[in-house]
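All chains, full assembly: derive it from the sequences and hints.
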Amino acid sequence: MRYGDFTTYDLLLLAQGLGVTVGLFLVTSLIGLVIGVLWGVVRFYRIPLLTPLITFIAELLKNSPVLVQLFLVFFGFPAFFHLNVTPVQAAIVTLSANTAAFIYVIAVSAIESVGREQIDAARAFGLSRWQVLRHVIAPQAAAFSIGPLTALLVNQLQVTSLISVIGVMDLAKIGATLNLRTLKPFIVWAVVGLLYYLTAKLIAAAGARYETRLRRFSEFRGL
Amino acid sequence: MLKVENVKKAFGAATVLDGVNLTVSPGEVVSILGSSGSGKSTLIRCINGLEKLNGGRIVIDDFDVAKPKELAEARKRSATVFQLFNLYPHMTTLQNIALAPVEVLKRPRAEVEQEARALLASVGLSDKVDAYPAHLSGGQRQRVGICRALAMKPRYLLLDEVTSALDPEMTAEVLAILAKLAREGTTMLFVTHEVDFARQISNRIVFLDKGVLLVDLPTKKFFAASGGLAQPRIAQFLSKMKKD
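Chains as they are written, first to last, in the numbering used here: chain F, 7 to 229; chain Z, 2 to 245.
Don't take every hint at face value.
Claimed, not checked - Stretches of chain Z that chain F covers, calculated by requiring three or more beta carbons in the stretch to come under 8 Å of a beta carbon on chain F: (1) 48-58; (2) 70-83; (3) 87-94; (4) 99-112.
As the list claims (entries may be wrong) - Here are the in silico distance ranges between beta carbons for each label pair: (5) Z/Q201 / F/Y51: 41 to 47 Å; (6) F/W136 / Z/E6: 27 to 33 Å; (7) Z/A173 / F/G121: 23 to 29 Å; (8) F/G121 / Z/S37: 19 to 25 Å; (9) Z/E6 / F/G121: 46 to 52 Å; (10) Z/R58 / F/E118: 30 to 36 Å; (11) Z/S127 / F/T218: 46 to 52 Å.
Just so you know, these hints were derived from the structure itself, not from any lab. Quick reminder that beta carbons are idealized off the backbone N, C-alpha and C, glycines included.
Following this line, the structure appears as structure tokens:
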């Protein structure tokens, strides 16, 4: 076996990189989901000061490149505030915030999709605002949002590849390292691409299955 | 007793209710007639606290709906059946009916569900317990809407044009149920365009015109030449309804 060969051991290295990618993806998606939904609820309750502040932050995050946000968190803030930030910490902060901004938009749109007349009915029957949110709005908003949410998560999985530029040993970084060693870009990047593709398909399939379950009440059965 | 005292409501510059006074005593069926835009539905929305008043007050069994702390109690005493059903589409009929009694009245779920099944059976929907609203006809949805309101065991049933979204056959289904409720002594405030039905079941008829309560008369007197019909606006409305 020569140093430049692409071996089965390299597949193990790629699997390890995939593990880092999926781990970071899951953690940042979960944090982003919690923050984004909370922001959506704040907007639903029209909380003064917080609502415009959240909208402003979300706009900043949505309308600037993730790579710039990543550099700002990894290089900019630590230099300015004299902090020590590891690549993984920077990746978690950046990807979570970026995901939260997009989930916020999906949450707001899903909440607003729930018919006003149902909220009126629930209020007229004496349900509190919290009970309306929990029993009437949340289940339907979840069903409405699962499609766009799945699309966003598939995209965010691809976005995780950016964290390789600050040194996180994710799938893309392992791919780049193997590429330099083997000088076989066609094989290395094809395998890396295939792993991203299969993971994305898994997310999409899980999303579709969950959506079918959540929308079982719906009249719409496809065209 | 349900009391509406000098209630005023405006949306921007448009006055929708202008000093409306009305009292409904337990056991009474009061129908509210009036053309579209006369303020009938807004009055119901004010009574169940969905609209803030610009003046006057509404009291349900001594609880003022304008006071947030009393509104919750007032809402426990009244229940609304809506024109467009307003069912929760993600819940089965049973869940739609059980939600408020369990969450608001804090009653045990098993007991509430047993009552909900009995209510559904009483309106001929015992086979639709686990159906979602999307899979029901308009008449069936409205019957679920009535069961949902009755499950709260309200002292006052508020009905907002409950048949206007239904075809004649479905309208007959729903009116038969309401007639039965009226015979059983359910207190109802009934906004409707069904003049003949209102005549059959009401103790009193109230006529609203452009937000003003023109008359509040016992049913017989309302339809008498010397009573409600003596008012040109009411005579015009009734003759138009007959033609339609």
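At a Cβ distance under 8 Å, does chain F reach at least three residues of the stretch 99-112 of chain Z? holds (count 4)
Falls inside 30 to 36 Å, the C-beta gap from Z/R58 to F/E118? 33 Å, holds
Does the hinted range 46 to 52 Å hold for Z/S127 and F/T218 at CB? 29 Å, violated
Between F/W136 and Z/E6, does the beta-carbon spacing fit 27 to 33 Å? 32 Å, holds
If you check the beta carbons of Z/A173 and F/G121, does the distance land in 23 to 29 Å? Check passed, 27 Å falls within 23 to 29 Å.
Kindly confirm whether 41 to 47 Å is satisfied by the beta carbon distance between Z/Q201 and F/Y51. At 46 Å between Cβs, range holds.
Looking only at beta-carbon atoms, does the pair Z/E6, F/G121 fall within the given range of 46 to 52 Å? Violated, since Z/E6 and F/G121 (Cβ atoms, about 32 Å apart) do not stay within the stated range.
Outcome for the supplied range 19 to 25 Å, where the beta carbon pair is F/G121 and Z/S37: 22 Å, holds
Verify this for me: three or more residues of the stretch 48-58 of chain Z with a beta carbon less than 8 Å from a beta carbon of chain F. Our answer is that it holds, as 3 residues pass the Cβ test (under 8 Å) against chain F, meeting three.
Verdict on chain F covering the stretch 87-94 of chain Z, criterion of 3 CB contacts below 8 Å: holds (count 6)
Quick check: the stretch 70-83 of chain Z, covered by chain F? Criterion 3+ residues, Cβ under 8 Å. holds (count 6)
The structure fails to meet hints 9, 11 from the earlier list, while all remaining hints are met.
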